[in-house]
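Here the structure of chain A is known, so what remains is to put chain B with the ligand in place on it, guided by the hints.
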Amino acid sequence: MKTITAYKCKDCGHVMYPHHYRCLNCNGLDFKEISPTTKGRLLTYTIVDQLPWGIDERGRVLGVVEFDNGVKALGVIKTAKPRIGMRLKVGWQPVRVISGEKVYGLTFRKTK
Amino acid sequence: MRPVVVAGVGMIPFERRDEDSLVDMLAMAGWNAMEDAQLGDRSIDAVYVGNMASGLFNHQESVASALVDRLGLMPAAAERIENGPASGGSAVKNGFLGVASGFYDIVLVVGGEKMREVIGPKATDVVACMTHPQAEYIYGVTLPALAGMFTRLYMEKYGVTHEHLAMVAIKNQENGLLNPYAHIQMKITMEGILTHPQAHINSPIVADPLRLYDCCPVSDGAAAILITTEEIAQKLKRPIVTIAGVGQATDTHTLQERSDPTDLRAVRISSQQAFKMAGLKPKDIHVAELHDAFTILEIAESEHVGFFSKGKGAKALADGETRIDGKLPINPSGGLKARGHPVGATGVAQIVELVWQLRGEAGERQVKDASNGFSLNFGGFGNNVLAFVLRREA
Ligand SMILES: [Zn+2]
Chain A
133 MKTITAYKCK DCGHVMYPHH YRCLNCNGLD FKEISPTTKG RLLTYTIVDQ
183 LPWGIDERGR VLGVVEFDNG VKALGVIKTA KPRIGMRLKV GWQPVRVISG
233 EKVYGLTFRK TK
Chain B
136 MRPVVVAGVG MIPFERRDED SLVDMLAMAG WNAMEDAQLG DRSIDAVYVG
186 NMASGLFNHQ ESVASALVDR LGLMPAAAER IENGPASGGS AVKNGFLGVA
236 SGFYDIVLVV GGEKMREVIG PKATDVVACM THPQAEYIYG VTLPALAGMF
286 TRLYMEKYGV THEHLAMVAI KNQENGLLNP YAHIQMKITM EGILTHPQAH
336 INSPIVADPL RLYDCCPVSD GAAAILITTE EIAQKLKRPI VTIAGVGQAT
386 DTHTLQERSD PTDLRAVRIS SQQAFKMAGL KPKDIHVAEL HDAFTILEIA
436 ESEHVGFFSK GKGAKALADG ETRIDGKLPI NPSGGLKARG HPVGATGVAQ
486 IVELVWQLRG EAGERQVKDA SNGFSLNFGG FGNNVLAFVL RREA
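Taken in order, these protein sequences are the chains called A and B. To convert, note that position 95 of the first sequence is 227 in this note's numbering; the numbers rise steadily by one, no gaps. To convert, note that position 96 of the second sequence is 231 in this note's numbering; the numbers rise steadily by one, no gaps.
Worth flagging that the hints you see were computed from the coordinates, not collected in a lab. Everything numeric in this text was worked out from a predicted model, so none of it was measured. Heads up, some of the hints might be wrong.
[As the list claims (entries may be wrong)] Pairwise CB distance ranges, derived in the manner of DEER restraints: (1) B:Gly294 - A:Asp188: 33 to 39 Å; (2) B:Glu365 - A:Gly232: 55 to 61 Å; (3) B:Ala453 - A:Lys242: 33 to 39 Å; (4) A:Ser167 - B:Lys257: 33 to 39 Å; (5) B:Gly414 - A:Lys234: 55 to 61 Å; (6) A:Leu156 - B:Ala529: 43 to 49 Å; (7) B:Met209 - A:Arg190: 48 to 54 Å; (8) A:Glu233 - B:Pro138: 50 to 56 Å.
[Claimed, not checked] Dumping the calculated DSBU-like pairs for lysine-lysine here, alpha-carbon to alpha-carbon at most 35 Å: (9) A:Lys140 - B:Lys445; (10) A:Lys244 - A:Lys134; (11) B:Lys445 - A:Lys210; (12) A:Lys221 - B:Lys292; (13) A:Lys210 - A:Lys221; (14) B:Lys292 - A:Lys171; (15) A:Lys210 - B:Lys257.
[Claimed, not checked] Residues of chain B clear of chain A, computed beta-carbon distances all greater than 10 Å: (16) Trp166; (17) Ala201; (18) Glu298; (19) Ile336; (20) Asp419.
For every residue, glycine included, the Cβ atom is placed at its ideal position computed from N, Cα and C.
This is chain A alone, in the form it adopts within the complex (with noise of 0.2 Å):
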């Protein structure tokens, strides 16, 4: 499955995502291109009913994820009731409409 690239820092182990030049824990330079594992956990959320220019929905529940291999990152849950601490699993959705193309993102929903 296409998911984001995350990066982790040969030196000191920091996972970033997304890509700096320099490590933010350690101003490392080396790092090795990671994939999310495809659960996480969920760190904090919104339900966004006044969304941008372009997004025809009311009620999308964004949030953070933090994936069991420690990549961080922000996307669309796709749960009614989301929680904080609740076990996600990873999806690869269209997530927005921009100048007349699908954009494919994280989505996340309820697992065990």
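Structure of chain B with the ligand alone, referenced to chain A:
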């Protein structure tokens, strides 16, 4: 570095201003500051304009060049400074550096934004353009959404409640009623925005847990200051208010990369820098203008700046300490919540309010015996923050 004095301040009322272009607004505010300074026919060396998005909002660029032309200040140097919602603060900082360094003697700093030219969801989208393009923007994240996620964590960690958030809104809208420049002129009650069974109709969810009355309005407006050296300021015969401390710090672009997302690191560091430079401590401040784009921010910033210890800001608020007649009045102007938040204008408008307060010219909302003031201009979602300490000289 030479001491830098704010010799003149000017604003126009923040509101929906369909009749005025962005440059019209910048010119009116700039002119008001020049008149306030009693500048006469002295020439201005440089003009800095704080503005976030004139291209996307108004289809106009190079607004600083347009402004010097409109005011007739050529051949003054001119540039626009863009730093998201901290554009105004950044323009003030650049003007400060110009005078402090000895490079310029008289500088005009103007901040402004005309946001109501586009419809609400488009304004939301323009502001969201400052988020990370791949890691945030594509998901439909908005600034209220980032603030919502932050609020949820802050409430959980520090026991901040919906009532506390509403208290910020109520206090600041009460203060706004005393400020003729404030966009929102309306008293609100806890019942009307929170506790009545139908309060959700008045104050619907924007980005849960944040409701409409937790968010600042979308406004048009401009504010300006004229800054100069002590020597010239003395000739201008206006009360002397100096920019005694300046700080600026950055943090990660995305909220998710902060090891503790409830820690507003750039607020802490920029504030410490400003206090250190001024030789003052948070307890020495008599009046503060904080960046309450969302109610939670006034509480969180009041702690990160050092006015209250972590987790104690909500209690200080509930105890009335931050009211105009309290121990440390916060946002006597009404803050972003009531004055409005034309993004590029805000950082300058905060300084304007402090100067009025420190001169004793703030009318009905005057804080008693204020001689040291503090302002915080919060860019992005805390990823680029400016702090200022202002001092009334004897
Ligand atoms: Zn490292």
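Status of each hint after checking the structure:
no. : hint                            : result
1   : B:Gly294 - A:Asp188: 33 to 39 Å : holds, 37 Å
2   : B:Glu365 - A:Gly232: 55 to 61 Å : holds, 58 Å
3   : B:Ala453 - A:Lys242: 33 to 39 Å : holds, 37 Å
4   : A:Ser167 - B:Lys257: 33 to 39 Å : holds, 35 Å
5   : B:Gly414 - A:Lys234: 55 to 61 Å : holds, 57 Å
6   : A:Leu156 - B:Ala529: 43 to 49 Å : holds, 46 Å
7   : B:Met209 - A:Arg190: 48 to 54 Å : holds, 50 Å
8   : A:Glu233 - B:Pro138: 50 to 56 Å : holds, 54 Å
9   : A:Lys140 - B:Lys445             : holds, 32 Å
10  : A:Lys244 - A:Lys134             : holds, 22 Å
11  : B:Lys445 - A:Lys210             : holds, 34 Å
12  : A:Lys221 - B:Lys292             : holds, 26 Å
13  : A:Lys210 - A:Lys221             : holds, 10 Å
14  : B:Lys292 - A:Lys171             : holds, 25 Å
15  : A:Lys210 - B:Lys257             : holds, 25 Å
16  : Trp166                          : holds, 34 Å
17  : Ala201                          : holds, 27 Å
18  : Glu298                          : holds, 20 Å
19  : Ile336                          : holds, 13 Å
20  : Asp419                          : holds, 34 Å
Violated hints are absent here; each numbered hint is respected by the structure.
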